[in-house]
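Number of protein chains: 2
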Amino acid sequence: MFIQHLIDRIGADKVSQNESELFRHSHDESPHIAVEPEVVCFPHCRKDIKNILEIVNEHHVPVTAFGAGSGLEGQAIPIHKGITINFENMNAVVDFSPGDMTITVQPGLTRLQLNKLINRQGLIFPIDPGADATIGGMVATNASGTTAVRYGSMRDQLLDLEVVLADGTVIHTGSHAKKSSSGYNLTGLFAGSEGTLGIITEVTLRLHGIPESTMVARCTFEMPEICALAAQTILLSGIPVMRMELVDAQSISQVNMYGGYDYPVKHSLFFEFAGLSAAVEEEIKLAEELMHDLSCQDWKIADNPKDQKELWKARHELSYAYSHIQGMVDTGADVCVPISRLPELVIYARELIEQSGLNGGILGHVGDGNFHTIIVFDPNNPGEKEKAEFTNEALATRAIKVGGTCTGEHGVGLGKMKFQKAEHGEAVGVMKGMKNMLDPEGLLNPGKIFM
Amino acid sequence: MFIQHLIDRIGADKVSQNESELFRHSHDESPHIAVEPEVVCFPHCRKDIKNILEIVNEHHVPVTAFGAGSGLEGQAIPIHKGITINFENMNAVVDFSPGDMTITVQPGLTRLQLNKLINRQGLIFPIDPGADATIGGMVATNASGTTAVRYGSMRDQLLDLEVVLADGTVIHTGSHAKKSSSGYNLTGLFAGSEGTLGIITEVTLRLHGIPESTMVARCTFEMPEICALAAQTILLSGIPVMRMELVDAQSISQVNMYGGYDYPVKHSLFFEFAGLSAAVEEEIKLAEELMHDLSCQDWKIADNPKDQKELWKARHELSYAYSHIQGMVDTGADVCVPISRLPELVIYARELIEQSGLNGGILGHVGDGNFHTIIVFDPNNPGEKEKAEFTNEALATRAIKVGGTCTGEHGVGLGKMKFQKAEHGEAVGVMKGMKNMLDPEGLLNPGKIFM
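For the protein sequence lines, the chains are A and B, in the order given.
Okay, so the first sequence: first residue is 0 according to numbering that gives the first Met the number 0, each after it adds one.
Okay, so the second sequence: first residue is 0 according to numbering that gives the first Met the number 0, each after it adds one.
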C-alpha cells in the first residue's frame, strides 16, 4: 500500500519496482549479503525527499540512501527492506563560486563529474577514494583515500550540508564561511552518519587550486616495516606530500601477473608531490635523500603525465588485480593507527594473511597510518570466507588496542558494528542518544552502525 | 551548604572563596558584565572533576569552566553563579608522541607552555589566537587566529577529547588515529560547545613540523577592498601562506601613535610564508608579482627574525594600541564571510565605524574571510557603548545575510546568542535537543549559546 501512496505523492516516473532496479540496489561492492528494497525512488528535488519521508513516517517503513553503490561496508544495503532513495537525478550544481573556491552540489553528483566541471576554472576537488562515488555517499561515509595525507578526509571539505530530518524539517548545518565558532558543529556530525540521522540534499564543499607542478616517485624496501618508517620520516620532514602509498611485495607480484608488468617484486612506496614547481623540485630532492638514508632501492622519478601514469600503475590497478581473479571474492580490512604503530601492524597483517593460507596483500595510505588488506577467497570452498573474515577482525581488534580505529575511511555499515563498543566505549551511549533524538522511530537506514 | 560538601569531597586546598579569586573568575577580556561565582575549584585530576559534578547534580548548582580568562564573548562568566572550575592545576602532559606528531594534554596547559615543551623536538602547535589561552579554552570556543588560513581552526587539530558528562560518565570522543570513519563525530561536536555539553579533561592534538624557513612581507593599498581582493588572489594562486593579515589605515595610525612608529598610514597586508627554503623563496616571489599586478605599494620583505618582528609590529601591537587608551573600553565584531563578499563587508564595516563617530579600526585574518573591528568607547559617556554595540550587531547581521557567520573564532558566549536563530534557523532546534540530552538539568554553563 505504501508504494501506491509513494507513486501518488511523487509521481510514477520517480518510483520503480523493476526487478533489475531492485537487484542493483540490493548490494554494494562488498561481500555483505544482498537484500533488495521493496521499491526504489528517484527524487528530483528536496520536496520529493520530504514527500518520501512523509510516506516513511505514515507507513513506518525503513528508508535507505543509495549513491553510486561503491561502498565497502554495506551501508546502502536495505537490510530491513523498505524504500531505497537513489540520487542520480539529484546531481545538479546549485551554486559554484570559483572566487570563493567553494561549490554547492546535490548529493548525486559524482566526484569525477564534479572535477570535470571545476577543472576548467583551475580548481580541483581532491578527495579520491578510488571509485567514482557520489558526493553524498562520500559525505555519508566520511570517505577519504590517497590524498587525505594532504587534504584530510571528506569531513574536512565541508562548509555546509542541507539535511532533511526524519520529521521532515530541513536544516542547514553550517554556512559558506571558511570557519565558524557559532553553535554546535552539526556538519561534522552528519558527515559519516551513513544516512542514519537524516537525508542529505545539498553539500557545500571547499575546493582547492590545481597545483602548478606534479611529480611522482617510487622506491622499494626489503621489509614492509621500513616502508612505514620511511612514511613517518617524510611526514616529520615537513614535505607536504600529496600522496604516499604502500604496496607490499605480494601485491606487486599480483599486479605483475595481472597486467604483465615487471615491477620489482619488493615492498614499494609510491609518492606524489604537487605545488609550485621549485617547491616540488626541492621536495622530491629531499625525499630522495631521506629514502636513501633508509637504504631504499629502485628510486625512480617521473615528471611527465605519461611516465607518471606508468609508474603508478602498480598502485592504481591493485584492487583490480585481486578482484579479477576468476571465481574468487575479495574482502579487506581498513584499519588506521598512529604512525608509530604502523610497522608492527603491517607485520601483524602479513602474519595473519600467511596464517589464513589465502592469497592477499597489503596496501596503505601510510601517511595517515591507514592501510588495507585485500584477501581473496573462494566462496564455494567451505571455511575460506571465515578465514578471510577472521584476519579482518583480528586486525581491527589490534588496531583499536594500539589507539587506532577499526575503519579509517570505509565506515561502519554492517561490517564494523561489532567493534563500536570496543572502540568508543561509553561514547556509544551518546551516539545512540543522538540517533534516538533525531530518528525516534528508527526508520533511517536501520540496522547500521549500532548493534 | 554545597560549598561545605565540595570541600569535604575534593579537599579544602582545592576550593576557594577568597574575594580576589571570585573577582578573577568573574570576567574575561570582553566588556560583558562581570558576575562572581560563589566558589572556585582547582581540581587536580579527572576524579576531582567527577566529584565536582556529583555536587553539581546533588545540589542543582551551575558549573562553569574557566581557562585563562582570555575569552572575548563572556563564555567563562558564571552568570548564574555557582561553581567555577579553574584548570590551572590540570596542565600536565599526559602522553607525548613526537614520532606520531601528537600530544595528549590536560586542558589547563596554555599554548605557549605547550610550544615550549614541543619546540625542542622540532614540532609546533601553530594555532595562535593572540592571547596565551589554555588548550581547554581554545577547544571549548573552537579558537583559531592568524594561522587558520594554513592549519584550520582548533577543531581541525583534535584527534580525541576526554570529556566528563553531566551525569559523571567519562567518554573519549575519538582515538589516536589521524582519521576515522567509525561512529558519529563527537570530537567536532564538543569542540566549540563552550562547556555546555560536558567538561573536557584531556585533549589529544595533532602537531606540525617547525618549518625550515620563514619569511615575512608587507605591502599597502589605497583601498581596503583591494586588500581583500589581494588576499583572494593569493589564495587562488595556491601559495600555502602561513599568515595573511589586513590592518586598515586607521589602525596603522593608531599603532604609530601608540608605539611612536612611522609605518605608512595605508591599508596594509602582512604576510608570512613558511616551509622548505626554496619553496618559500618561490612563494614570496610569486606573491610580490601578484601584489604588484594589483598596484600595491611599500612592498617590503624581512628574512631574519629581528627584521620580521619589526615589520609585523604594527599587526602584533594592534589590540594593545586600542586597548591602552586611558579610560576607554574596546569591543569588536568577529565576522567571517565568503572571500568574495569580504570587500563589501570591509567597506560596510568602515561606514559603520564612521557613522558611530567612535575611534575604531579593522583587522582581519583575511585568508579565511574572518575580520574584526575594534571600536573604542568611553563607558562613562552615555550612548557610546550602545553605538559601539550597534556597529557589532549590524556587521554580524550583514555577515549572516551574505552566507557568513556572526563569529569566526570568538564563539557565541553571551554576545552572539541573539544571532543563533538568524544564522542557524531550524538547526537551533537540533542543537537544543543535544543540549537537553546531555545536560537535562541545564547545569553546565547555563545561559550561554542559546537564548
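Keep in mind that the hints were calculated from the coordinates and are not lab data.
In this text, all values refer to a predicted model and were calculated from it rather than measured experimentally.
Check the hints yourself; a few may be wrong.
Partial pick of chain B residues on the chain A-facing surface, computed with a CB cut under 7 Å [stated by the list, open to error]:
| id | residue |
| --- | --- |
| 1 | ASN17 |
| 2 | LEU21 |
| 3 | PRO30 |
| 4 | ALA33 |
| 5 | GLU37 |
| 6 | GLY167 |
| 7 | SER180 |
| 8 | LEU188 |
| 9 | GLY237 |
| 10 | VAL336 |
| 11 | GLU408 |
| 12 | MET430 |
Only pairs whose alpha carbons sit at most 30 Å apart, straight line, appear in this in silico DSSO-like list of lysine-lysine [said to hold, decoys possible]:
| id | chain 1 | residue 1 | chain 2 | residue 2 |
| --- | --- | --- | --- | --- |
| 13 | B | LYS284 | A | LYS434 |
| 14 | A | LYS400 | B | LYS80 |
| 15 | B | LYS420 | B | LYS400 |
| 16 | A | LYS400 | B | LYS420 |
| 17 | B | LYS400 | A | LYS49 |
| 18 | B | LYS400 | A | LYS431 |
| 19 | A | LYS400 | A | LYS80 |
| 20 | A | LYS49 | A | LYS80 |
| 21 | A | LYS46 | B | LYS265 |
| 22 | A | LYS46 | B | LYS400 |
| 23 | A | LYS434 | A | LYS417 |
| 24 | B | LYS49 | A | LYS434 |
| 25 | B | LYS284 | A | LYS284 |
| 26 | B | LYS420 | A | LYS49 |
| 27 | B | LYS434 | A | LYS420 |
| 28 | A | LYS434 | B | LYS434 |
| 29 | B | LYS80 | B | LYS420 |
| 30 | B | LYS400 | B | LYS384 |
| 31 | B | LYS434 | A | LYS431 |
| 32 | A | LYS431 | B | LYS384 |
| 33 | B | LYS420 | A | LYS46 |
| 34 | B | LYS420 | A | LYS431 |
| 35 | B | LYS80 | A | LYS420 |
| 36 | B | LYS49 | A | LYS49 |
| 37 | A | LYS80 | A | LYS384 |
| 38 | B | LYS384 | B | LYS46 |
| 39 | A | LYS420 | B | LYS49 |
| 40 | A | LYS431 | B | LYS284 |
Beta carbons: idealized from backbone N, C-alpha and C, even for Gly.
Hints breached by this structure: 1, 2, 3, 4, 5, 6, 13, 14, 16, 18, 19, 21, 32, 35, 36, 38 and 40
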